[in-house]
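Let the sequences and hints guide you as you build the complete structure.
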Amino acid sequence: MKLTDKIYVAGHRGLVGSAIVRKLESDGYLNIIKRNHSELDLTNCTATDTFFEEIKPDYVFLSAAKVGGIVANNTYPAEFIRDNLTIQTNVIHAAWQHNVTRLLFLGSSCIYPKMAPQPMKEEYLLTGPLEPTNRPYALAKIAGVEMCWSYNRQYDTKYLAAMPTNLYGPSDNYHPENSHVIPALIRKFHEAKMANAPTVTVWGSGTPRREFMYSEDMADACVYLMNLPDDKYSALLGSDESKTGRFEPPLINIGVGIDVSIKELAEIIQSVVGYSGQIVFDASKPDGTPRKLMDVGLLSAFGWSAPTPLRDGLRQSYLDFTSDYGMTKLRSHAPNL
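Counting with this note's numbering, you get residues 4 to 340 for the letters of the sequence shown.
Derived by calculation from the structure, the hints in this document are not laboratory data. Any given hint might turn out to be false.
For lysine to any residue, the following SDA-like pairs were computed, each having C-alpha atoms within a straight-line distance of at most 20 Å [stated by the list, open to error]: (1) K196 x F324; (2) K196 x S326; (3) K5 x Y32; (4) K117 x P211; (5) K235 x A304; (6) K59 x Y158; (7) K124 x A304; (8) K235 x E251; (9) K288 x E267; (10) K266 x D285; (11) K117 x V263; (12) K124 x D298; (13) K235 x R249.
Below, the structure written as structure tokens:
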């Protein structure tokens, strides 16, 4: 990407998109295109196509999505599959129609089977049943991978699907019901600390293991991938299975390659926040997938690895949460498309 190229970041106000924007700005890119939901409704096919026709972006980071934790996924399954399918279909198709040079589609590690071997390799896609609590979201993201693959095969586009592990960091969603585990725990421990509460209850048994990545590292990886030389980038774009006989989707994992138990995570956040009470695990609540660890061998082979240790990232996230910006989000925050 040249510094003067038009780079559209879809979903620039969310956790993923805002991190990508910060990375691009810090690297000196001069023409970053941003539209919030009120300016451009990506679920509207006509509006999306008109935007691409008028702006003609050279590169697209597709991070716009409806996201949330277990409660949100269980409560709004129709919205999760409908909105995500619609957004990615409109953007990917418009990108092809208006000659976008490269597109990076951001998904999630939940695309892999619930009982996938650990760590999860890209080749494990579609090899088993998904975790039921987020299956609608996962299926939408799998469809996005297939759409990138299909357009690459049929139209010779250069669309890559990147699957980040569980993310946290600046601009996270701290909603008490619709947030992911790290922002939910940061908020719980902070509120317990402020109220001098004797205990904090954490959903589940505490035994599931999860991998967590600081969002600024994820953004660095995304920009790194988008800037790969043509030969290396093209090697990631998948093959035509009907010709090669190999299952090679245009897919790459983005993660740290290290996981922790939810119990260990809660204890680290307790320490970072400075809460002195006890942690109680409510085993009557769902645990979700027993383990989710990404195999990042492919990304490592292309020369990139995550630099931020978990405790350091959590410490920075807590500072963000307790800042004026974080407290504003605490009072009223919902996921941005």
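Here is how each hint holds up against the structure:
1. K196 x F324: holds, 14 Å
2. K196 x S326: holds, 16 Å
3. K5 x Y32: This hinted pair holds, its Cα atoms lying about 8 Å apart.
4. K117 x P211: At roughly 12 Å apart (the allowed maximum being 20 Å), P211 and K117 satisfy the hint.
5. K235 x A304: At roughly 11 Å apart (the allowed maximum being 20 Å), A304 and K235 satisfy the hint.
6. K59 x Y158: holds, 18 Å
7. K124 x A304: Holds, at about 13 Å.
8. K235 x E251: Holds, at about 15 Å.
9. K288 x E267: holds, 18 Å
10. K266 x D285: holds, 12 Å
11. K117 x V263: Satisfied, since the Cα-Cα distance of roughly 17 Å is no more than 20 Å.
12. K124 x D298: holds, 5 Å
13. K235 x R249: This hinted pair holds, its Cα atoms lying about 19 Å apart.
The structure is consistent with each of the numbered hints, conforming to all of them.
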